[in-house]
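Using the sequences and the accompanying hints, generate a full structural model.
In order, the protein sequences belong to chains A and B.
Its first residue numbered 1, the first sequence is counted upward by one per residue in the numbering used here.
Its first residue numbered 1, the second sequence is counted upward by one per residue in the numbering used here.
I should point out that these hints are in silico values taken from the structure, not numbers from a laboratory.
Glycine included, every Cβ here is placed at the ideal spot set by N, Cα and C.
Just to be clear, a hint being listed does not mean it is correct.
[Unchecked claim] Quick list of simulated restraints, FRET-style, between CB atoms:
#, chain 1, residue 1, chain 2, residue 2, range
1, A, V209, B, P205, 57 to 67 Å
2, A, K166, B, K70, 34 to 44 Å
3, B, D136, A, D212, 35 to 45 Å
4, A, A201, B, G112, 30 to 40 Å
5, B, G112, A, G150, 52 to 62 Å
6, B, A40, A, A3, 44 to 54 Å
7, A, A82, B, E125, 27 to 37 Å
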Amino acid sequence: MDAKDVFIAKRVAQEFKDGDFVNLGIGIPTLVGNYIPKGVRVFFHSENGFTHIGPMPNSEEDIDRELINASDQYVTILPGGAFFDSAVSFGIIRGGHLAATVLGGLQVDQEGNLANWRMPGKKTVGMGGGMDLAVGAKRVIIAMEHTNKGEPKIVKKCNVPLTGLKCVDLIVTEMAVMAVTEKGLVLKEIAPGVTVDQVRAATEAEFTVDPDLKIISVE
Amino acid sequence: MAKVISIEEAVDLIKDGMTIMVAGFWGVGTPEKLIDALVAKGTKNLTSISISTALTTKGVGKLVANRQLKKVIVSYIGRNPATSEQYESGDLEVEFVPQGTLAERIRAGGFGLGGILTPTGVGTEIEQGKQRITVDGRDYLLEKPLRADVALIKAYKADKAGNLVYRKAARNTNPLMAAAADITIVQADEILEIGEIDPDEVMTPGIFVDYLVQG
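Below you can see the structure in the form of structure tokens.
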């Protein structure tokens, strides 16, 4: 596991309140589930149709072939969980019943537009449930690396196909935590050892700096 | 009453050029025996509606790999190289539908609705060719219903009245697709006599089901 990705996942994991229902996307977002702070109970929703995703089975004989997560991995279900059909599952998503979703990003712009499903020139695999999560969850948190090999991913205006319009609430990267507000992007936290100038150099979007700027703290 | 038939009789109901719905998510909740029989029969030019094209060895993916499909209506084709290859060569038409929209379009198809209004996809490529409708200040896309000639369903338990019970994450699109086709065929792990499933436990009422095959 990439140390940068773990750092991002640990910071995102601090965003939840006890009792929140959350859906995690594929990639860095999936790691978030490993770092939920002690004393906070977060219930994970699986878009293929249940809540309370539990850990992967301990052994081959504990595998239930009809119990996978949305990434096709064998998992378990914790007490309190429930199974449902796809209409209910996406009703939960679209209906605002999830406190948050954590998604990856190809680009996020300063208006909170998100692009993460299709990169022209590369293979298109489909959006899966991503577009529904982007419009439906109460909070949309983007967990991604700050740049793509130096190319800014936080931009003035997305120039690749959008997943959702003005849907992003928070961006967490290995350099910074930025909030999308009505007044634009606000730099809320920076990683230890990173300067505001370095964040500016790696960010195409315009942003203001929170007067109460903090240093990202993870265990 | 649902009629119990053989798997071969079941796939004979699917003709070249038909539209089929195939339930399941990465093959979980997919009636694989029906798919295998359809592959063996080689029925061609089918349009398939499903969440994804699964894998080349699982679910709808087997039909793609055997080149039996002309079009798929799906939310995801990753992990199936045969789909990508045929899509890029132009041999297979792919209509991408956000997963929640797909579920609701199928539900609308089964339940007599002229479409559904969803905020999903507003302002994206998905909006192209669709009506945007504003209700109380919020924008939605009008998404039209989906129906099929045949739905292929996988149940855990069925009774001979066609009542179905699913198990764990295998439910997914099964209850929606069961209602949205002219002919609904169910592969059940267990086929029980009428009365052996408590009406309170039924997840899909038998009224939607035409044929049962033993899984």
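Each hint tested on the structure:
no.: 1; hint: A:V209 / B:P205: 57 to 67 Å; verdict: holds, 59 Å
no.: 2; hint: A:K166 / B:K70: 34 to 44 Å; verdict: holds, 38 Å
no.: 3; hint: B:D136 / A:D212: 35 to 45 Å; verdict: holds, 37 Å
no.: 4; hint: A:A201 / B:G112: 30 to 40 Å; verdict: violated, 58 Å
no.: 5; hint: B:G112 / A:G150: 52 to 62 Å; verdict: holds, 54 Å
no.: 6; hint: B:A40 / A:A3: 44 to 54 Å; verdict: holds, 50 Å
no.: 7; hint: A:A82 / B:E125: 27 to 37 Å; verdict: holds, 34 Å
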